[in-house]
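S.K.: Sequence:
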Amino acid sequence: MFCPNCGKQVNDSDNFCKYCGRDLRNEFTEKKNTLPSNQTEEVIKSPEPSSTETETAVETRMDDFFEEENNDYTSEDEEIVVYEIKKHFMSMFWPCVFSPIFIVYFWKFYVMIPGLWGFIIALLFLIPIIHPILRYFSDRIVITTNNLYITRGFVNIEEIRIPLKKIHLVRVRRSYLGRLAGYGHLVVERENSDKEITYRYIQEPDDVQFILNNPSAYIKEYLN
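Numbered per the working numbering, the sequence shown spans residues -1 to 222.
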């Protein structure tokens, strides 16, 4: 505060100005009385928490939130994708290797049987090439804050939803070629079900397996 007589700065606890000797006790009392009563009580009774206390409180609430077994990480309306499992290009490796053979047979039957029927019969030999290519672009698998979604097929589309809390076991099958090229086949087992769900040719299989085995930790890190 400042002395009303000489204008020099003094301490709030000073009773007299050390420069001019002015009695400051009445000044301090009048200044305190000019504050609204509700504001005075707020300052005394409800001090603002420090930034450290606020961060600790937020972290405590988040920990309690993720540890509750009966609650989802977010509501269905707020469900967001936290990881997309991409398909490996090796899913089209063998069709590309044998494509010359399929194309030769296609051309042979198309020439031998002219017309529409010859084209349709010859087209059957291209299915081993076309099918994996279409599946490469149509299949999709994502991990959200609550579920694992799998979409397979392009004619008869199969959609599978597995709650993350209902995943019983996650395995990755990898051949010798898969280890060299960096792909694998994801196998998921649900609780109370003996049926395995397999999604073939995924990228970064080790990371996917870790995330599905520790979904709460990964989602918490992603949301932070």
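For the record, the hints were derived by calculation from the structure and aren't laboratory data.
Yeah, the Cβ is synthetic: ideal placement off N, Cα and C, and Gly gets one too.
Do not rely on the hints blindly, as some may be mistaken.
Restraint-style ranges between C-beta atoms, simulated for each label pair [said to hold, decoys possible]: (1) 219 x 166: 16 to 26 Å; (2) 121 x 214: 42 to 52 Å; (3) 131 x 178: 57 to 67 Å; (4) 76 x 5: 22 to 32 Å.
The calculated lysine-lysine pairs, modelled on DSSO-like cross-linking and capped at a C-alpha distance of 27 Å, are [to be verified]: (5) 85 x 193; (6) 164 x 193; (7) 84 x 163; (8) 164 x 218; (9) 6 x 193; (10) 85 x 163.
S.K.: Would you mind marking each hint as holding or not holding in the structure?
M.R.: Hint check:
1. 219 x 166: 16 to 26 Å: 23 Å, holds
2. 121 x 214: 42 to 52 Å: Roughly 49 Å apart at Cβ, these two residues keep to the hinted range, so it holds.
3. 131 x 178: 57 to 67 Å: 23 Å, violated
4. 76 x 5: 22 to 32 Å: Given range 22 to 32 Å: violated, Cβ gap about 58 Å.
5. 85 x 193: The given pair, whose Cα atoms are some 22 Å apart, holds under the 27 Å limit.
6. 164 x 193: It holds: about 13 Å lies between the C-alpha atoms, which stays within 27 Å.
7. 84 x 163: 22 Å, holds
8. 164 x 218: 18 Å, holds
9. 6 x 193: 84 Å, violated
10. 85 x 163: Holds. Residue 85 to residue 163 sits at ~24 Å (cutoff 27 Å).
When the structure is compared with the earlier hints, violations turn up for hints 3, 4, 9 and for no others.
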